[in-house]
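Protein chains: 2
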Amino acid sequence: MQADLICVGNELLTGLIENSNTGFLARRLWSAGISVREACVVADNEQAIRVALEKALEESDLVILTGGLGPTDDDLTREAVAGALGLPLVLNQGWLKKMEQYFRNRGIKMPDNNRKQALVIKGSTLLENQRGTAPGALMESQGKTIVMLPGPPHELQMIFKQQVLPYLAANNQTGLTAVKTLKCIGIGESMLEEKIKALGKWELPPISYVSRGFEVDLQIKGSGEGEAASVSIAKAEQLLRSVLGDYIYGSNDDTLVSLAAELLTAKKMTLALAESCSGGLLSDLITDFPGSSKFYRGGLIAYNSVVKSDLLGVSKELLEKEGVVSAATALAMAAGIKKLLKADIAAGITGVAGPESDSAGKPVGLVCIAVLGPGISENRQLNLGGGRRAIKERSAQIALDMLRKILVKL
Amino acid sequence: MQADLICVGNELLTGLIENSNTGFLARRLWSAGISVREACVVADNEQAIRVALEKALEESDLVILTGGLGPTDDDLTREAVAGALGLPLVLNQGWLKKMEQYFRNRGIKMPDNNRKQALVIKGSTLLENQRGTAPGALMESQGKTIVMLPGPPHELQMIFKQQVLPYLAANNQTGLTAVKTLKCIGIGESMLEEKIKALGKWELPPISYVSRGFEVDLQIKGSGEGEAASVSIAKAEQLLRSVLGDYIYGSNDDTLVSLAAELLTAKKMTLALAESCSGGLLSDLITDFPGSSKFYRGGLIAYNSVVKSDLLGVSKELLEKEGVVSAATALAMAAGIKKLLKADIAAGITGVAGPESDSAGKPVGLVCIAVLGPGISENRQLNLGGGRRAIKERSAQIALDMLRKILVKL
Numbered sequence: 035m036q037a038d039l040i041c042v043g044n045e046l047l048t049g050l051i052e053n054s055n056t057g058f059l060a061r062r063l064w065s066a067g068i069s070v071r072e073a074c075v076v077a078d079n080e081q082a083i084r085v086a087l088e089k090a091l092e093e094s095d096l097v098i099l100t101g102g103l104g105p106t107d108d109d110l111t112r113e114a115v116a117g118a119l120g121l122p123l124v125l126n127q128g129w130l131k132k133m134e135q136y137f138r139n140r141g142i143k144m145p146d147n148n149r150k151q152a153l154v155i156k157g158s159t160l161l162e163n164q165r166g167t168a169p170g171a172l173m174e175s176q177g178k179t180i181v182m183l184p185g186p187p188h189e190l191q192m193i194f195k196q197q198v199l200p201y202l203a204a205n206n207q208t209g210l211t212a213v214k215t216l217k218c219i220g221i222g223e224s225m226l227e228e229k230i231k232a233l234g235k236w237e238l239p240p241i242s243y244v245s246r247g248f249e250v251d252l253q254i255k256g257s258g259e260g261e262a263a264s265v266s267i268a269k270a271e272q273l274l275r276s277v278l279g280d281y282i283y284g285s286n287d288d289t290l291v292s293l294a295a296e297l298l299t300a301k302k303m304t305l306a307l308a309e310s311c312s313g314g315l316l317s318d319l320i321t322d323f324p325g326s327s328k329f330y331r332g333g334l335i336a337y338n339s340v341v342k343s344d345l346l347g348v349s350k351e352l353l354e355k356e357g358v359v360s361a362a363t364a365l366a367m368a369a370g371i372k373k374l375l376k377a378d379i380a381a382g383i384t385g386v387a388g389p390e391s392d393s394a395g396k397p398v399g400l401v402c403i404a405v406l407g408p409g410i411s412e413n414r415q416l417n418l419g420g421g422r423r424a425i426k427e428r429s430a431q432i433a434l435d436m437l438r439k440i441l442v443k444l
Numbered sequence: 035m036q037a038d039l040i041c042v043g044n045e046l047l048t049g050l051i052e053n054s055n056t057g058f059l060a061r062r063l064w065s066a067g068i069s070v071r072e073a074c075v076v077a078d079n080e081q082a083i084r085v086a087l088e089k090a091l092e093e094s095d096l097v098i099l100t101g102g103l104g105p106t107d108d109d110l111t112r113e114a115v116a117g118a119l120g121l122p123l124v125l126n127q128g129w130l131k132k133m134e135q136y137f138r139n140r141g142i143k144m145p146d147n148n149r150k151q152a153l154v155i156k157g158s159t160l161l162e163n164q165r166g167t168a169p170g171a172l173m174e175s176q177g178k179t180i181v182m183l184p185g186p187p188h189e190l191q192m193i194f195k196q197q198v199l200p201y202l203a204a205n206n207q208t209g210l211t212a213v214k215t216l217k218c219i220g221i222g223e224s225m226l227e228e229k230i231k232a233l234g235k236w237e238l239p240p241i242s243y244v245s246r247g248f249e250v251d252l253q254i255k256g257s258g259e260g261e262a263a264s265v266s267i268a269k270a271e272q273l274l275r276s277v278l279g280d281y282i283y284g285s286n287d288d289t290l291v292s293l294a295a296e297l298l299t300a301k302k303m304t305l306a307l308a309e310s311c312s313g314g315l316l317s318d319l320i321t322d323f324p325g326s327s328k329f330y331r332g333g334l335i336a337y338n339s340v341v342k343s344d345l346l347g348v349s350k351e352l353l354e355k356e357g358v359v360s361a362a363t364a365l366a367m368a369a370g371i372k373k374l375l376k377a378d379i380a381a382g383i384t385g386v387a388g389p390e391s392d393s394a395g396k397p398v399g400l401v402c403i404a405v406l407g408p409g410i411s412e413n414r415q416l417n418l419g420g421g422r423r424a425i426k427e428r429s430a431q432i433a434l435d436m437l438r439k440i441l442v443k444l
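Those protein sequences? They're chains A and B, same order as listed.
According to the working numbering, the first sequence is numbered sequentially starting from 35.
According to the working numbering, the second sequence is numbered sequentially starting from 35.
Treat the hints with caution; some may be incorrect.
In this list, chains with the same sequence are indistinguishable; a pair is considered to hold if it fits within one copy or across any two.
[Claimed, not checked] When the alpha-carbon atoms are kept at most 20 Å apart in a straight line, the in silico EDC-like pairs for lysine to aspartate or glutamate are as follows:
id: 1; residue 1: Lys150; residue 2: Glu228
id: 2; residue 1: Lys301; residue 2: Asp288
id: 3; residue 1: Lys150; residue 2: Glu80
id: 4; residue 1: Lys328; residue 2: Glu390
id: 5; residue 1: Lys376; residue 2: Asp344
id: 6; residue 1: Lys214; residue 2: Glu249
id: 7; residue 1: Lys143; residue 2: Glu228
id: 8; residue 1: Lys373; residue 2: Asp344
id: 9; residue 1: Lys439; residue 2: Asp288
id: 10; residue 1: Lys214; residue 2: Glu259
id: 11; residue 1: Lys255; residue 2: Asp108
id: 12; residue 1: Lys255; residue 2: Glu52
id: 13; residue 1: Lys217; residue 2: Glu249
id: 14; residue 1: Lys328; residue 2: Asp344
id: 15; residue 1: Lys229; residue 2: Asp108
No lab work stands behind these hints: they were computed from the structure.
Only a predicted model underlies this, so the values are computations on that prediction, with no experimental measurement involved.
Taking the hints into account, I'd like the entire structure generated from these sequences.
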């Protein structure tokens, strides 16, 4: 099956907002065996949307439009699709009531222009939006499927996963794309490729590489249909694991956080964090995991070194002798927060995120991380580049990887 | 002037790689007074590229193609453009020599397939690539300008800034776009529009709305040329400020964090945070600001309620009587961290991020925030929707807005 994507919005054509919806939908469709023929971005203009839709319907069986479902005058996707199909818009009383309730819950009277969001194309199925006031819609027309989704990514993603994909599957519109992703950390893309090439002639399925900071996703696409594809993936995975070993930390939907969270939950252990240069990012990542309150005791962002000594009990002598950014300080921070928050395992991160070196002259990008569990500890010193945000992100990635490795041993 | 963008690449249509080139080019063109009519992504397929190019040339004066300039068999942009224009490809000896040198410098013999990258369309200008082997190209054809750029963002961006923009400017194809963005918080997009509509007939410049959680950017595009455009923006801004007042927190590059940071720095005050449901996100946002170490003492993520009582000194009676998620607890958390970290001003955030209600039955999305400064305090209770991440983000946005408002008064 083949799909066309149409993203609507002036803000995408002026670059005011990055378009992440095309990537998300393309990935999800592709792994459901639906290939995207073309993806376009058009303006908030009824005629432009209509022309794009008509062209897409000539080419593909499935057309997904995103954006332009808001309450304001420049939200025109509903009108354009209705016009192209020659169908009227009708008021959906059920959604109107939900919207009124939504505003009531927030103690606000619903503005009149939100009524527009309860207008649906006759014959279409409303896709409920649990995260906003713009519902999606889905309809069949002359053997083609048309889907409209709201533009905000967290709304679009939830509706797509919970309502659109199941619909497509139930209507036999999805196919099989046997794909497996191996998730790697601690090795660069080019070195990965070198190791894989050293395996010799590659008669196995094609592999693609996508890197994010210190992580690289290795995606293997199975050759052949059904069983044959699975077998080819299994063979490739075995070979890859033989050369990459510990660089592979998981597969498919695994993340560094999800694996650490599962291990903590399974082992009934609690976690505490003492962050300096990462500034709370690691804590933020961990608390994005639903259910993290079961194992996460909390953390301290010890941005000022006085906080490190006063609260975490890192001695002033150690800070002076070894430096605020040192392996010893990272370990003392981990020990301090472990005791303070009565946790089973703790991590300490200290480093120089920049833009300037620290007062002791330690260079930007120097980061020390310690993870401490019962009877076990691990220390790493890193020289990171890429600017302030990248240093924070990479510190957090490495700390999570160290945490996972220690948890496996416990 | 109007432009069309065509991004070529299977990897963009499977979502393996996020397409950041459209956003980059759109932003740069728009601020050079060139509006993008449509942006599309097409496959590595000669016919698909050709069809997209022919359509774009019908509509726009400038067409920019990205990607498909590599050395491999599936790189077909050169061939497709040459085919569409009916022009032959010729070998550029100069670029061939540069490529050979490039490989020699790396101690490698140039692979044969790289020769292909020295093929240029007859009559086109080669755009040198200092960061890779794929050169870009620029040509005029029947009054239209066609530009081809390599896909890797850091190559594309350098060529675009150093060679394409100057060419367009020298040929009088760029214009002036006078734009001002007013940054709003605490008011939804629909209510904003209602207030603006209540101003009566809008004879002022066009406005566009972009929302990010609780923030909305109001972008005013000046009407007319030069001075006239600035005057029209100033008029519009005055009117908008008269109805939106305090909802406008800043303009252009201001962010909630940058304004709070500037106020803290100017007033020589220090900040501390006690976060629960926001899980460290607020601290992460603040420490993204370069120079935050000057005013940020640190923070505590009190994810477990024992941490709230033990470390922040929130009394067990208060937690039991008022609840962990309550205005009183938020204030006690702020007071606790302010004292603990010896800061001048502090914020406390407690709430239910979900997916489940808390043990006391407080609903998902209930968030209480307190900000406490010398002789001043502010409390807010919110009912937030949108899922775990959105609740965290909105809590942080509101806390920053409260912090800024208190700092202004101090």
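Each hint, compared with the structure:
1. Lys150 <-> Glu228: between (56 Å within a copy, 13 Å between copies)
2. Lys301 <-> Asp288: So Lys301 and Asp288 pass the 20 Å test inside one copy only (18 Å; across, 46 Å).
3. Lys150 <-> Glu80: within (16 Å within a copy, 43 Å between copies)
4. Lys328 <-> Glu390: between (38 Å within a copy, 12 Å between copies)
5. Lys376 <-> Asp344: both (17 Å within a copy, 11 Å between copies)
6. Lys214 <-> Glu249: within (16 Å within a copy, 38 Å between copies)
7. Lys143 <-> Glu228: Result: close only across copies, 12 Å inter versus 62 Å intra.
8. Lys373 <-> Asp344: Both. Shortest intra-copy (14 Å) and inter-copy (12 Å) distances satisfy the 20 Å Cα cut-off.
9. Lys439 <-> Asp288: Classified as within: same-chain Cα gap 15 Å, cross-chain 41 Å, threshold 20 Å.
10. Lys214 <-> Glu259: within (15 Å within a copy, 55 Å between copies)
11. Lys255 <-> Asp108: between (41 Å within a copy, 15 Å between copies)
12. Lys255 <-> Glu52: between (28 Å within a copy, 19 Å between copies)
13. Lys217 <-> Glu249: Within one copy only: 7 Å inside, 35 Å across.
14. Lys328 <-> Asp344: This pair counts as between: shortest inter-copy Cα distance 18 Å, intra-copy 28 Å.
15. Lys229 <-> Asp108: between (52 Å within a copy, 16 Å between copies)
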